[in-house]
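Note that this note's numbering has the sequence shown beginning at 1, numbered continuously upward.
You can take every hint at face value.
The calculated PhoX-like cross-link candidates involving lysine-lysine, where the alpha carbons are at most 25 Å apart (straight line), are:
1. Lys353 - Lys437
2. Lys120 - Lys229
3. Lys50 - Lys555
4. Lys437 - Lys364
5. Lys222 - Lys120
6. Lys364 - Lys319
7. Lys353 - Lys319
8. Lys242 - Lys229
9. Lys120 - Lys242
10. Lys116 - Lys50
11. Lys222 - Lys116
12. Lys45 - Lys120
13. Lys365 - Lys319
14. Lys429 - Lys364
15. Lys116 - Lys45
16. Lys222 - Lys242
17. Lys369 - Lys319
18. Lys116 - Lys229
19. Lys353 - Lys365
20. Lys353 - Lys369
21. Lys365 - Lys429
22. Lys365 - Lys437
23. Lys364 - Lys353
24. Lys116 - Lys242
25. Lys369 - Lys437
Listed next, with one range per pair, are the computed distances between beta-carbon atoms:
26. Ser88 - Asp428: 28 to 34 Å
27. His288 - Lys365: 27 to 33 Å
28. Arg309 - Lys365: 32 to 38 Å
29. Glu226 - Gly580: 32 to 38 Å
30. Glu188 - Arg317: 46 to 52 Å
31. Glu15 - Lys365: 23 to 29 Å
32. Arg317 - Lys365: 22 to 28 Å
If you are wondering where the hints come from, they were derived from the structure by calculation, not from laboratory data.
Even for Gly, the Cβ is constructed at its ideal location relative to N, Cα and C.
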Amino acid sequence: AREGAVRRYPAGVPEYVLERIDSELALIERLNYARYFLTVHDIVKFARSKDILCQGRGSAANSIICFCIGITEVGPERIDTLFERFISEERNEPPDIDVDFEHERRDEVIAYIYDKYSAKRTALAAAVISYRGRSALREVAKAMGLSEDVRSALSSTIWGWSTSELGEREANAGGLDRTDPLSRQVLERANEIMGFPRHLSQHVGGFVITRDRLDEVVPIVKTAMEERKMVEWDKDDLDAVKILKVDVLALGMLTCLKRAFTLLTDHYPQARDPFGRPYVLATLPEEHEDVYAMIQRADTLGVFQIESRAQMSMLPRLKPENFYDLVIEVAIVRPGPIQGDMVHPYLRRRQGKEAVHYPSLELKKILGKTLGVPLFQEQAMKIAIVAGGFRPGEADELRRAMATFKRTGTIGNYRQRMIDGMVGNGYDKEFAERCFKQIEGFGEYGFPESHAASFALLVYASCWFKTFYPDVFCAAILNAQPMGFYQPAQLVRDARDHGVEVREVDINHSVWDCTLEATAFDPSHILERHASMRDVIETAHAVRLGFRQIKGLSKERMEAVVAQRGAGYRSVRDVWLRSGLDVGEIERLAEADAFRSIGLDRRA
1 AREGAVRRYP
11 AGVPEYVLER
21 IDSELALIER
31 LNYARYFLTV
41 HDIVKFARSK
51 DILCQGRGSA
61 ANSIICFCIG
71 ITEVGPERID
81 TLFERFISEE
91 RNEPPDIDVD
101 FEHERRDEVI
111 AYIYDKYSAK
121 RTALAAAVIS
131 YRGRSALREV
141 AKAMGLSEDV
151 RSALSSTIWG
161 WSTSELGERE
171 ANAGGLDRTD
181 PLSRQVLERA
191 NEIMGFPRHL
201 SQHVGGFVIT
211 RDRLDEVVPI
221 VKTAMEERKM
231 VEWDKDDLDA
241 VKILKVDVLA
251 LGMLTCLKRA
261 FTLLTDHYPQ
271 ARDPFGRPYV
281 LATLPEEHED
291 VYAMIQRADT
301 LGVFQIESRA
311 QMSMLPRLKP
321 ENFYDLVIEV
331 AIVRPGPIQG
341 DMVHPYLRRR
351 QGKEAVHYPS
361 LELKKILGKT
371 LGVPLFQEQA
381 MKIAIVAGGF
391 RPGEADELRR
401 AMATFKRTGT
411 IGNYRQRMID
421 GMVGNGYDKE
431 FAERCFKQIE
441 GFGEYGFPES
451 HAASFALLVY
461 ASCWFKTFYP
471 DVFCAAILNA
481 QPMGFYQPAQ
491 LVRDARDHGV
501 EVREVDINHS
511 VWDCTLEATA
521 FDPSHILERH
531 ASMRDVIETA
541 HAVRLGFRQI
551 KGLSKERMEA
561 VVAQRGAGYR
571 SVRDVWLRSG
581 LDVGEIERLA
591 EADAFRSIGL
601 DRRA
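Make a model of the complete structure from these sequences and hints.
Right under this line is the structure:
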């Protein structure tokens with residue numbers, strides 16, 4: 001950790017960082033979690049040795065140790081988070097580190113885990129799928145012999161992830177007569193099985209790694225892939241018996257950014273950090289005003305997290321000016337804050353249209369950074385403790401209920417406890433009910449602050465590339481497809497709008513991936529609506545589209561075309577004779593107008 005601190009802080013490690021390292025190390029030693037951290041570090045170290053971009057997220061971003069040993073990329077001091085949200089003696093629960101990897105290379109990491117730790121000691125965790133309103137109603141109705149039409153009509157009355165009791169509204173909407181014994185039985189039995197486990201599914205990336213044979217510790221079952229096994233317990237069961245898991249997840253934007261950093265290093269050697277090193281996630285220039293100016297204009301097509309129409313409509317209103325504003329932007333356009341009625345109050349207060357009022361000094365300390373509106377799970381937990389009188393253990397149960405709402409729907413069980421506690425501590429009942437409604441919204445999809453911070457770093461990085469090097473960004477994101485909201489044609493159009501020359505696929509110039517070709521940059525080609533970028537963009541290359549942009553072509557076959565190209569193909573017949581392509585593949589190239597360099601134009 002101390003060696004990593006020297007790398008993270010090349011200008012000198014601040015004293016407070018050293019103190020925090022010592023404090024965290026002492027706690028990790030007391031709780032005997034060192035092996036867990038070393039295991040995650042080993043996995044991340046392998047990924048970096050293979051040049052696979054990765055980043056830890058979630059509550060691990062609260063740890064300076066995770067930052068120094070290379071698991072996370074956001075220094076905790078950037079968002080002033082608490083290490084206790086990650087590990088705490090009071091909560092007495094094991095840490096949980098999620099690590100995102102390039103989506104095209106995650107299988108390499110998984111293969112390493114099985115190879116290093118062996119299939120006898122490694123398995124995926126399970127996810128328990130429980131009955132919710134829709135599935136409970138459908139399956140009970142089927143067992144009771146109701147027709148498919150009736151079952152479909154009934155299940156369509158259930159909105160979202162509902163686990164509340166089914167009653168008259170659903171019966172009337174589905175055409176059931178509640179006075180009919182069979183209809184009444186269907187509703188009663190469906191309500192009875194609500195929340196019961198239905199089946200086991202594989203966790204998206206949670207790996208259990210044990211020191212001893214896994215089958216001597218936990219029940220395991222084979223999966224569809226012969227070499228992989230699954231533990232028949234979910235993450236809550238594993239936590240209860242103190243078995244640690246590591247989440248190995250895939251993220252498309254990391255693939256895009258890895259390709260962007262590689263292109264930047266190869267084509268812009270002058271792009272270096274203050275110590276002369278090629279840029280990486282953690283060393284990109286921070287808080288650049290040109291980046292935030294682009295974000296405030298909602299010129300964010302293709303970038304991470306803030307590219308949707310909902311996010312684009314929010315950006316000119318929220319007007320992010322710094323990194324923490326991006327953390328809020330990532331978290332606020334989510335079903336949780338929206339359903340909890342947190343968005344509009346926050347915007348009104350940010351714009352000075354509504355006074356910021358704190359019912360108590362204690363709540364001001366909790367909600368000061370977000371103008372009195374609880375936007376993060378950590379704030380919800382603190383409100384429960386400070387205002388609702390919850391013990392830390394109860395607050396952690398509330399956090400778990402928020403996190404597992406879609407599977408269990410148990411957050412409503414805390415409603416009366418929370419409201420009574422707040423009223424008992426002198427808070428107005430209406431305010432208490434509003435607080436719980438906001439907390440309940442987190443069950444729909446609320447972000448932990450540290451998780452939002454990790455994502456905000458990727459937002460900033462993708463925006464930084466789009467601001468200064470739109471050629472690099474365009475080539476990188478096209479090479480990482482499929483991902484995001486937009487089709488390649490829209491991404492190409494946006495690059496051209498920013499003055500980037502995009503050259504079509506060509507049999508004599510293209511390779512599989514999109515590449516950069518040196519060219520003079522003409523700022524006058526930037527559209528008028530992006531005129532403010534004319535003195536900002538540093539592009540000096542055109543983007544040459546790769547064969548991957550043509551549907552129906554395989555990488556292996558097109559790499560053979562490139563290998564046989566030599567000084568260039570002279571005719572379609574030459575392509576056919578030397579490359580070994582079949583007629584269908586040549587037709588696809590012709591439809592993409594890829595033969596112009598040999599004198600053939602599809603439009604001619």
